[in-house]
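Q: Residue numbers (the numbering used here), protein chains in the order written: chain A, 1 to 146; chain B, 1 to 98.
Be aware that one or more of the hints could be misleading.
To be verified - For lysine to any residue, the following SDA-like pairs were computed, each having C-alpha atoms within a straight-line distance of at most 20 Å: (1) Lys86(B) <-> Glu76(A); (2) Lys9(B) <-> Thr134(A); (3) Lys15(A) <-> Lys5(B); (4) Lys13(B) <-> Lys15(A); (5) Lys15(A) <-> Thr88(B); (6) Lys128(A) <-> Thr2(B); (7) Lys9(B) <-> Ala117(A); (8) Lys65(A) <-> Lys9(B); (9) Lys139(A) <-> Asn85(B); (10) Lys13(B) <-> His81(A); (11) Lys128(A) <-> Lys24(B); (12) Lys5(B) <-> Arg29(A); (13) Lys17(B) <-> Ser74(A); (14) Lys13(B) <-> Lys65(A); (15) Lys5(B) <-> Tyr82(A); (16) Lys13(B) <-> Gln14(A); (17) Lys15(A) <-> Lys24(B).
Hints were generated in silico from the structure; no laboratory data involved.
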Amino acid sequence: MVHALSEIRRVLVQKGILIDLRPMSEERRVEVFSTRETREIGDATVLPRELDDNVAANQAMTTAKSNGWFTRESEEFFPIHYVWDSPKEMEEWIETEWEDFIEIDEEIKQAARSAWALGDGDTRVRVKVNMLITRWIKKDRSLNEY
Amino acid sequence: MTLIKDPEKNETKKLHKAVDFAGKRVLEIGCGDGRLTWRYASASLSTIGLDPDKDSLRIAAIDHPSDLDDKIHFVNAEAEHIPFNKETFDIAILAWSL
Numbered sequence: 001m002v003h004a005l006s007e008i009r010r011v012l013v014q015k016g017i018l019i020d021l022r023p024m025s026e027e028r029r030v031e032v033f034s035t036r037e038t039r040e041i042g043d044a045t046v047l048p049r050e051l052d053d054n055v056a057a058n059q060a061m062t063t064a065k066s067n068g069w070f071t072r073e074s075e076e077f078f079p080i081h082y083v084w085d086s087p088k089e090m091e092e093w094i095e096t097e098w099e100d101f102i103e104i105d106e107e108i109k110q111a112a113r114s115a116w117a118l119g120d121g122d123t124r125v126r127v128k129v130n131m132l133i134t135r136w137i138k139k140d141r142s143l144n145e146y
Numbered sequence: 001m002t003l004i005k006d007p008e009k010n011e012t013k014k015l016h017k018a019v020d021f022a023g024k025r026v027l028e029i030g031c032g033d034g035r036l037t038w039r040y041a042s043a044s045l046s047t048i049g050l051d052p053d054k055d056s057l058r059i060a061a062i063d064h065p066s067d068l069d070d071k072i073h074f075v076n077a078e079a080e081h082i083p084f085n086k087e088t089f090d091i092a093i094l095a096w097s098l
């Protein structure tokens with residue numbers, strides 16, 4: 001990762017901008033919702049690989065910063081949703097696409113199915129993912145680069 | 001199986017809030033199938049999508065909006081070996097890829 005950041009710095013112009021956009025790993029909240037109401041069902045379990053990836057990414061950016069490659073200008077957290085028509089579709093998708101990153105306990109699956117079955121006609125299910133967007137600026141060349 | 005990702009388009013809003021793409025040369029690292037690329041590329045001067053996965057790039061090449069033909073190019077490469085000269089881009093985006 002640090003080598004990738006070094007490469008990015010190389011191809012950026014002076015004062016060029018690096019945008020780091022990625023999900024945070026602290027929670028993945030399952031919600032059942034309709035136009036009338038939203039019910040928070042519970043949090044999925046974040047697996048070690050997801051946590052490790054986030055730690056590694058943070059360490060790489062810390063190294064890039066301490067090397068004087070980039071300066072952090074701003075950062076902002078925000079949520080995005082993954083939405084499915086039914087809990088079954090959500091479960092299938094997570095088991096195939098996110099199998100290395102999160103899992104949902106049986107208790108939460110059951111609660112989601114029940115809430116969905118008892119919900120309004122437009123009831124769907126979603127997972128909320130917290131995102132972080134950080135804006136970095138490439139720092140001027142250090143003297144030893146000339 | 002129907003999945004809608006980010007129906008509120010929060011990701012797009014935050015990306016455009018973080019950076020002005022107008023007239024800029026953009027490199028997106030980890031562009032995958034181009035899902036995020038389509039959301040800003042029209043505002044840029046030019047955009048290069050970089051990804052090590054050939055299958056994802058094939059989908060991106062097929063799915064890209066036709067009005068972006070002249071602006072977008074996809075390159076199969078790793079972020080550790082970016083096949084461009086130094087100081088080529090104004091903006092780099094790490095899209096879920098660090």
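Q: Determine which of the earlier numbered hints do not hold for this structure and return their numbers in increasing order.
A: 1, 3, 4, 7, 8, 11, 14 and 16
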